[in-house]
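S.K.: So you can see what is in the structure, the chains are spelled out below.
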Amino acid sequence: MLIKEQFSTFDVDKIRDDFPILSRRINDKPLVYVDNAASTQMPKPVIDAFSDYHSRYHANVHRGVHTLSQEATDAFEKVRTLVKSFIGAGDENEIIYTSGATDSINLVAQSYGRAFLNEGDEILVSNMEHHANIVPWDMLAKEKGLKIVVIPITDEGELDMNAYESLISEKTRIVAINHVSNALGTINPIKEITRIAHQHNAVVMVDGAQAVSHMEVNVVDLDCDFYAFSAHKMLGPTGVGVLYGKRELLDKMPPYRGGGDMILSVSFNTGVTFNQVPHKFEAGTPGIAGVIMLGEAIKYINTIGRDSIAAYENELLEYATLQALKIDGLRVIGTAKKKASVLSFVLDGVHPHDIGTVLDFHGVAIRSGHHCAQPVMERFQIPATSRASFAFYNTKEEVDIFINALKEVLEVFR
Amino acid sequence: MLIKEQFSTFDVDKIRDDFPILSRRINDKPLVYVDNAASTQMPKPVIDAFSDYHSRYHANVHRGVHTLSQEATDAFEKVRTLVKSFIGAGDENEIIYTSGATDSINLVAQSYGRAFLNEGDEILVSNMEHHANIVPWDMLAKEKGLKIVVIPITDEGELDMNAYESLISEKTRIVAINHVSNALGTINPIKEITRIAHQHNAVVMVDGAQAVSHMEVNVVDLDCDFYAFSAHKMLGPTGVGVLYGKRELLDKMPPYRGGGDMILSVSFNTGVTFNQVPHKFEAGTPGIAGVIMLGEAIKYINTIGRDSIAAYENELLEYATLQALKIDGLRVIGTAKKKASVLSFVLDGVHPHDIGTVLDFHGVAIRSGHHCAQPVMERFQIPATSRASFAFYNTKEEVDIFINALKEVLEVFR
Amino acid sequence: MKQLYQELILDHNKKPRNFHVMEDFDHESLGHNPLCGDKLVVYIKIGEGDTIEDVSFVGEGCAISKASASMMTTALKGKTIQEAKVIYTQFHEMSTGKLDIAEHPHQLGKLAIFAGVRDLPARVKCATLAWHTLDAALEGRKSITTE
Amino acid sequence: MKQLYQELILDHNKKPRNFHVMEDFDHESLGHNPLCGDKLVVYIKIGEGDTIEDVSFVGEGCAISKASASMMTTALKGKTIQEAKVIYTQFHEMSTGKLDIAEHPHQLGKLAIFAGVRDLPARVKCATLAWHTLDAALEGRKSITTE
Ligand SMILES: Cc1ncc(COP(=O)(O)O)c(C=O)c1O
Ligand SMILES: Cc1ncc(COP(=O)(O)O)c(C=O)c1O
Chain A
1 MLIKEQFSTF
11 DVDKIRDDFP
21 ILSRRINDKP
31 LVYVDNAAST
41 QMPKPVIDAF
51 SDYHSRYHAN
61 VHRGVHTLSQ
71 EATDAFEKVR
81 TLVKSFIGAG
91 DENEIIYTSG
101 ATDSINLVAQ
111 SYGRAFLNEG
121 DEILVSNMEH
131 HANIVPWDML
141 AKEKGLKIVV
151 IPITDEGELD
161 MNAYESLISE
171 KTRIVAINHV
181 SNALGTINPI
191 KEITRIAHQH
201 NAVVMVDGAQ
211 AVSHMEVNVV
221 DLDCDFYAFS
231 AHKMLGPTGV
241 GVLYGKRELL
251 DKMPPYRGGG
261 DMILSVSFNT
271 GVTFNQVPHK
281 FEAGTPGIAG
291 VIMLGEAIKY
301 INTIGRDSIA
311 AYENELLEYA
321 TLQALKIDGL
331 RVIGTAKKKA
341 SVLSFVLDGV
351 HPHDIGTVLD
361 FHGVAIRSGH
371 HCAQPVMERF
381 QIPATSRASF
391 AFYNTKEEVD
401 IFINALKEVL
411 EVFR
Chain B
1 MLIKEQFSTF
11 DVDKIRDDFP
21 ILSRRINDKP
31 LVYVDNAAST
41 QMPKPVIDAF
51 SDYHSRYHAN
61 VHRGVHTLSQ
71 EATDAFEKVR
81 TLVKSFIGAG
91 DENEIIYTSG
101 ATDSINLVAQ
111 SYGRAFLNEG
121 DEILVSNMEH
131 HANIVPWDML
141 AKEKGLKIVV
151 IPITDEGELD
161 MNAYESLISE
171 KTRIVAINHV
181 SNALGTINPI
191 KEITRIAHQH
201 NAVVMVDGAQ
211 AVSHMEVNVV
221 DLDCDFYAFS
231 AHKMLGPTGV
241 GVLYGKRELL
251 DKMPPYRGGG
261 DMILSVSFNT
271 GVTFNQVPHK
281 FEAGTPGIAG
291 VIMLGEAIKY
301 INTIGRDSIA
311 AYENELLEYA
321 TLQALKIDGL
331 RVIGTAKKKA
341 SVLSFVLDGV
351 HPHDIGTVLD
361 FHGVAIRSGH
371 HCAQPVMERF
381 QIPATSRASF
391 AFYNTKEEVD
401 IFINALKEVL
411 EVFR
Chain C
1 MKQLYQELIL
11 DHNKKPRNFH
21 VMEDFDHESL
31 GHNPLCGDKL
41 VVYIKIGEGD
51 TIEDVSFVGE
61 GCAISKASAS
71 MMTTALKGKT
81 IQEAKVIYTQ
91 FHEMSTGKLD
101 IAEHPHQLGK
111 LAIFAGVRDL
121 PARVKCATLA
131 WHTLDAALEG
141 RKSITTE
Chain D
1 MKQLYQELIL
11 DHNKKPRNFH
21 VMEDFDHESL
31 GHNPLCGDKL
41 VVYIKIGEGD
51 TIEDVSFVGE
61 GCAISKASAS
71 MMTTALKGKT
81 IQEAKVIYTQ
91 FHEMSTGKLD
101 IAEHPHQLGK
111 LAIFAGVRDL
121 PARVKCATLA
131 WHTLDAALEG
141 RKSITTE
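Residue numbers (our numbering), protein chains in the order written: chain A, 1 to 414; chain B, 1 to 414; chain C, 1 to 147; chain D, 1 to 147.
Derived by calculation from the structure, the hints in this document are not laboratory data.
Heads up, a few of these hints could be off.
Said to hold, decoys possible - Selected chain D positions facing chain B (Cβ under 8 angstroms, derived; list incomplete):
#1 Y5
#2 L10
#3 D38
#4 G59
#5 A63
Claimed, not checked - DSS-like mimics (lysine-lysine), calculated; alpha carbons at most 27 angstroms apart, straight line:
#6 K79(C) - K78(B)
#7 K147(B) - K252(B)
#8 K252(A) - K147(B)
#9 K147(A) - K144(B)
#10 K98(C) - K78(B)
#11 K191(B) - K338(B)
Said to hold, decoys possible - Using C-beta positions, here's what the derived DEER-type ranges look like:
#12 D221(B) - H198(A): 53 to 59 angstroms
#13 K142(C) - L322(A): 46 to 52 angstroms
#14 S85(A) - G349(B): 42 to 48 angstroms
#15 H200(B) - K191(A): 54 to 60 angstroms
#16 K78(A) - N118(B): 42 to 48 angstroms
#17 D223(B) - H198(A): 51 to 57 angstroms
Remember, predicted model here, so these are calculated numbers, not experimental data.
Beta carbons are placed, not taken as given, at the ideal position from N, Cα and C, and that holds for glycine.
Build out the structure end to end from the sequences listed, making use of the hints.
M.R.: What follows is the structure, given as structure tokens:
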């Protein structure tokens, strides 16, 4: 009964009313959406911000003299301040809008990496990264003759900190690490990682895609050099993301994409001069409504509070893990001491894709596959996992439905 | 009276009802939005597609086994077929989703340009390009030691075809040209341009940002190698765009951004293998709702028909030009024989920014400035222009309000 | 769900037929779906009159892909290459929804049980992996990769 | 609109005061707003007791930037550098909405007419260009670029 009482301090019913999709039915069953690590659902205030924008004040931003353009620019720029506070940055010019976490990391690889790394330099990449924090470095490494060094992970799915300390050296120029692993749920000790990296003058690229909506984040305290995330994993829209970078790094980096807004002047006679940060990195018309909705998503999350969210999701995860472990032949992949609300598992003799399909027949949406983290699968010598990932709008009852559906899977396949 | 009769064949009142923002008031006057070249407004069916998506079937696309993910993937991929037909492409794998025209052109510069151009090669860029079709080439040229050669334009703002023929040579590898100039309205003879380019084995990058919503476009007939445009200039959302490329070129091009979805497999032992087109170029979670809205925008435009749109807009432009030329000291910049509905002008003794501000007091939204086409300003030796750009939801009455407001400007400043 | 995971499929999944390495084969190919991690090898021995004298497979995969491979081997043994190709084409068209087996005559027999994947686009590749691999083997390609 | 384009501003736009090149200056700077194309040069001559003995400008720009430059020159002539800096700061704060001149005492005098740009964010840079250029000139910077 303890669990029940704890849950009741969090008014999840009221919260669920804000998410229209949660009343959807799938195969005649209520939708149980526990695929939040892939993308979260959107509450009504965020959805409404879109039609409000396009019904009232849409225009292209920057440099427009007319009212609509000023209103749009205002709303668009104000979100920078919100984002700044959301991740504890010191200066809103350190907030660059991108089209997603993937775009943010590519920006760093293409701008910082291409400008400042040289043949023989090393990039340390953890074995638990999402492809988004591997492939850009791999492409850069091939282009410039760099070496990718892999930081191993333990059987629990934690970063092997001893190995990290012995692999890092004066050759290391970049450490690429996620704050939270989407495949394992592991929360990494970023502060300790940056401390060690900085002793070797390496910069740290933190992929925060799975972190920002689940815990308080303070980039100044973490002392990371870059921090990337996507709006769609924190109640916002797809196609919008953020790159935070330390001002002194951003200032010296060359631009990424060329186009309007990122220049001060363009002349075939006197050449091109670039704009200041953040605009230097924001070429062309940005996703204006998307950014405004990112702002609404932040406000929504702030109203609930990330501490409460983390506490509640943690309870959900613990409860789900406990129930899952009672299932014969179920093995949890990723058993780090500090975890976000991700439950990855394999079930003896049943392929994850079959689990996914059977669960879908019960209305339960989980993800099956390699979760864009094939090196994690390789590390654990499995082709794929099933992954349930919880958000603060999920309930204990939904966990029960999910667990019961898993038991059905066993009945079908054993 | 002829004009009046022609106008009445097009039911603009009915169309205007679809655009909620058009009932907005600015400074107590009805909004007259004639800044469509910067960004168009959004009709209700497109706005509604957003909340429908997020209220009913949002999930991350590709590889999801569950129902929502399949529905989202389906809707997302179906738009590729719509886009294909919209621009007359032969194969939907030639349609790459990007974050906008700027992103599309950067993709070509970074992928095709970096892989296949070498020191001493030349890129021909017209003098009427938007910065989006200049800066990416300029950045590439600096990186690889290429030469940018400028194709001049005439006093009317037409491409100087004789100069083009004499500038192009075996050294020319890329010709960068917009289909329609956003600063001048000029419609360029793309078919003739590509014919000449191909005689010299150069590829043609067409910036179609200002063209797609105003006229029928057929990339196969134009025989261009690449064609770029943005959703937000054709009733869709910001943050979404398209790159069309010929399949044989796309196939041999290296990827652009690295991340999820653009790979087939990632292993620290056996390396990275890339996905097929179009996915090779679509790293990370795309703007899913954005693409779905792009599809709705195409359907909306198709219902009206681009031929009718072009005819109606042409009448608006002719009427507006006629009225504007009656104003003492007004000079139209861009008087090409073939023009889209862009009216750029300067007014003796009054700075464009003052015109913009005064017009805004009258509820009229035009753009003042260099329109991200500074080389055009340099060419005509003016600091900036005022630009009214019409869409099919504008009316003759709005043109009258605009013209009357212009007359007010003169009263204030003379 | 019952529609797809019928007894027959579950049975072939649990006890796949012709599930062994063939020593004395004429054709062999490795099929790989990198996105699921599924991998299987198909072996073929050709007999008189271009008939498929023997066909077997080994590998890992989900129930759909394993049952599909298993049922493919039982269905094709003894068929001519020509006949096998026809069945391959029909199976592919059924899975991708291009062939409505309720409306059109076909030679799929029990394989028609896989018609249900048509409604599960994410699983079509599972059902067709073995078949694509078979086709590759017959055409002399050593390996194929499906997305 | 009447709020912003008042007679005084229109008059200074049409007949800018101190609108000429200065031969015998102590400070000079070029201000450039590349986004509007506006460019102006400010000249300053320093007299006894650090006073601004003469100040003039030339250049191109919109009515707001021209009137602002013109009225700046008339306001500052005879002031000490110290006083000029105070007015510069107050003008800047008024234009960006940080100083509410209705509430707080200030030394702006007639320059208060530019308070209206506060509501026109796109035009603030027009009003402040001359002032930023003046500040740069006093600090010895040859040119500045505002965005
Ligand atoms: C001709 C032209 N090309 C390219 C662009 C850039 O489009 P976007 O800002 O949507 O990337 C524009 C829009 O401003 C344009 O008018
Ligand atoms: C840890 C991690 N990093 C990066 C990404 C990539 O994010 P996006 O696809 O939004 O660019 C994801 C999401 O799939 C993720 O989970």
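S.K.: Each hint: holds or not?
M.R.: Going down the list of hints, with the structure as the test:
Because the closest C-beta pair between Y5(D) and chain B is about 6 angstroms apart, less than 8 angstroms, the hint holds. The closest approach between the C-beta of L10(D) and any C-beta of chain B is roughly 7 angstroms, which is under the 8 angstroms cut-off, so the hint is satisfied. Interface hint status for D38(D): upheld, as the beta-carbon distance to the closest one in chain B is roughly 7 angstroms, under 8 angstroms. Of the supplied interface hints, the one on G59(D) is violated, with its beta-carbon coming no nearer than about 11 angstroms to a beta-carbon of chain B, more than 8 angstroms.
Interface restraint check for A63(D): the shortest CB-CB distance to chain B comes to about 5 angstroms, inside 8 angstroms, so the restraint holds. Of the supplied pair hints, the one linking K79(C) and K78(B) is violated, its CA atoms being roughly 38 angstroms apart against a limit of 27 angstroms. Only pairs whose Cα atoms come within 27 angstroms are accepted, and K147(B) paired with K252(B) is accepted, the gap being roughly 24 angstroms. The straight-line distance between the Cα atoms of K252(A) and K147(B) is roughly 26 angstroms, inside the 27 angstroms bound, and the hint therefore holds.
Taking the CA atoms of K147(A) and K144(B), the gap is about 24 angstroms. The hint holds against a cut of 27 angstroms. Note on K98(C) and K78(B): the hinted pairing holds, with a Cα-Cα distance of about 17 angstroms set against a maximum of 27 angstroms. Of the pairs offered as hints, the one joining K191(B) and K338(B) holds, with about 14 angstroms between alpha carbons and a cut-off of 27 angstroms not exceeded. Remark: the range hint 53 to 59 angstroms for D221(B) to H198(A) is upheld by a beta-carbon distance near 58 angstroms.
Remark: the range hint 46 to 52 angstroms for K142(C) to L322(A) is upheld by a beta-carbon distance near 48 angstroms. In this structure, S85(A) and G349(B) meet the distance hint of 42 to 48 angstroms, their C-beta atoms being roughly 47 angstroms apart. Between H200(B) and K191(A) the CB atoms are about 58 angstroms apart, so this pair conforms to the stated range of 54 to 60 angstroms. The supplied range of 42 to 48 angstroms is met by K78(A) and N118(B), whose beta-carbon atoms lie about 46 angstroms from each other.
Take D223(B) and H198(A): their Cβ atoms lie about 54 angstroms apart, and the range 51 to 57 angstroms holds.
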